[in-house]
Amino acid sequence: MLDTNDGNLQDLNEETEATKTQVAKQETPTETIETPIISDKKSEVEVVDEIEEKIAETSEKVVEHKEEVPNYEGMSLESLVDSFDKLFKNNQIQKINKQANAIKNSFDEQFSKLLAGKKAVFLEQGGESINFSYTNPLKNQFNGLIKDFRDARTKYYKNLESELKDNLELRMSVIEQLKDLIENAEPKTMYNQFRDIQTKWKKIGPVVRERYNDTWKTFHHHVERFYDLLHMSNDFRDLDFKHNLEEKLKLIVQVETLAVNEDVNYAFKQLQVIHKRWKEEIGPVAREFRDDIWDKFSAATKKIHDKRHENFKKLRGKYEENIVKKIEIIAEINAIDTSKNSKHSDWQQSIKVIEGLREKFFKAGNVPKSESDKIWNQFKEATRKFNRNKNTFYKNIKGVQQENLDKKMKLIEQAESLKDSEEWKEVTDVMKKIQADWRKIGHVPRKYSDKIWNQFKGACNHYFDRFHTYQNAGSKEEQEIFENKKSLLETINKKVEASDKVDLDSVKNYIKDWRSLGRVPHSMRHIEAKFSKVVDNLFSNLSIDNKQKEMIKFENQMEGLLAQNNLRKLDSEQIYIRKKIDESIREIQQLETNISFFANAKSDNPLLKNVVKSIDNHKSNLDDLKSKLRYLSNLDY
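Quick note on our numbering: the sequence shown kicks off at 1 and runs consecutively.
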């Protein structure tokens, strides 16, 4: 039974309260740059606070992962289940949320269509809606995977929450140890104890972002207290102060260098790293230097901050332009008319256009985050509409191809039943009709095409090989035909030797007379080759167009095969010509595409002239091939 209350049908983004506090909002796939709020000039204090807030955001080490989300639309239920299984087993749980949602959305859409179809059939057969039920093992398997995914994700975030909480308690404990050291430690040992406390602090992992800054400020405050109240020899303290001052001055130089870097995003990221070093890795300096170096550090920080905000002011205008570009591309996609696409090649051309627009959309650049989801959803809906129409077409094609497969299987069954018959006259006509019927039936599903063709060809070849063996045994009548043809060939040779001039009508009459004599047995068929050689020589001496000459020679060869009842070779010739036609069409299309590269070239450009000439040659050859195919199609065999 289909459980309509299945909890797994909820959106994958539903989280427990504990999980919600940990997961950062993920970006729409088309946007990668975070746009800050463009505001008036900020004070140095506000700028530093903003930087520290940025550092706090990353303190939990819950990073927003950029996921490449494949297009799962149109995939079968089985493929979607397999994709989800591999995604879940081969990736970290916190990195696959978008892909998991995309697979689930596609699965739900596909399954809803399947379910609606099953229900429609049930109702058409007289069933009552209330009694309808449907089970599907793939649905059950997918629900199980969704449950495992949710359980694993919940466990991950619960563990993360617990770890952050434990780390906070450890930091608070270290702060208490430092406070106790300041109040109660022995002068001889307190410096080493202080070093141990610093080491413990650095080893503690991330804490929740809301407590990151205040715990650090508290710890740093007591570190400064320790140095200010140190009663033992000041040598260690002064040495530390000096080292810390040198390190912080180096950081100020680094920030000032970043302030002139043209890559503002890189500079801002590096600034966060430097601020973290300033806070977490380098200790305090002597009191008389503290305000001065902090002011310098804050001023350098503000330069980068202001430069970044100025850059985003410029980008905002460009982002607005990108909105217009992307909306125009979406309109182009929506305007594509597929109602007249009646064959595979039509859809391939439309798909090519869509792919070009899709690539153009992604190259159009970023848009403001406030518009990102809206634009992305419009784009997805436009492409989804196209894909729905495409999938409907190919679904119908599959239905037609399945019907064709059924028809061809019946012909195979008929050919198999007749292949060993010795009722030569009656069965030969039937087998010829079976072959003719086969050619009239359209395509079948590709995975069956070669298999059934080989099966059909095997049955037909088996019969006609036996039939030809029977015919080749020869008869008194056939021996007489051979003698008549031998005599006619001698007569033709004498006429040719006696006259230098040969006209087309004479050659056609020779061929007509030859065919009228009948068929010789296989063992005497060498005389046919001699006649063909004589005719070829006659054609070569005719004063007619080469194309016309070639076509007449072709017709003569095909008539010869028909006279010999060599249907296999006639079929092979048809297949060969169709293949050459397809190759010529593809070559012409490729060459015509290449011409687009010469859009600005002059007409006398040698390369352009060469491409145009090649296209003309291929088109001429294509016309010849089509003429031959028409001739073969009109032959009565």
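What the hints contain is simulated information worked out from the structure, not anything from laboratory work.
Treat the hints loosely; a few may be bogus.
What the hints assert, rightly or not - Calculated cross-link-like contacts (lysine to aspartate or glutamate; reagent style EDC-like; alpha-carbon spacing at most 16 Å):
no., residue 1, residue 2
1, Lys553, Asp604
2, Lys179, Asp148
3, Lys202, Asp166
4, Lys547, Glu480
5, Lys486, Glu528
6, Lys98, Glu73
7, Lys250, Asp228
8, Lys553, Glu477
9, Lys619, Glu592
10, Lys250, Asp295
11, Lys626, Glu573
12, Lys86, Asp166
13, Lys457, Glu416
14, Lys325, Glu371
How the hints compare with the structure:
Using a Cα cut-off of 16 Å, the hinted pair Lys553 and Asp604 is violated, with the two alpha carbons roughly 38 Å apart. Among the hinted pairs, Lys179 with Asp148 is inconsistent with the structure: their alpha-carbon atoms are about 47 Å apart, more than 16 Å. A distance of roughly 15 Å separates the Cα atoms of Lys202 and Asp166; the hinted pair therefore holds under the 16 Å criterion. The suggested pairing of Lys547 with Glu480 is violated, with an alpha-carbon distance near 37 Å, which exceeds 16 Å.
Between Lys486 and Glu528, the direct Cα distance comes to roughly 10 Å. Compliance with the 16 Å bound is thereby established for this hinted pair. Restraint check: the Cα-Cα separation between Lys98 and Glu73 comes to about 14 Å, which is no more than 16 Å; the hinted pair holds. With a C-alpha separation of about 24 Å, the suggested pairing of Lys250 with Asp228 is violated against the 16 Å cut-off. Simply put, Lys553 and Glu477 have alpha-carbon atoms about 29 Å apart, too far for the 16 Å limit, and the pair is violated.
Between Lys619 and Glu592 the alpha-carbon distance is near 11 Å, which keeps this suggested pair within the 16 Å criterion. Restraint check: the Cα-Cα separation between Lys250 and Asp295 comes to about 15 Å, which is no more than 16 Å; the hinted pair holds. Our distance criterion of 16 Å between C-alpha atoms is met by Lys626 and Glu573, whose separation comes to about 13 Å. The hinted pair formed by Lys86 and Asp166 fails the criterion: a straight-line CA distance of about 33 Å is larger than 16 Å.
At most 16 Å may separate the alpha-carbon atoms for a hinted pair to count; Lys457 and Glu416 meet this at roughly 10 Å. Distance check on the hinted pair: Lys325 and Glu371 sit about 13 Å apart at the alpha-carbon level, within 16 Å; holds.
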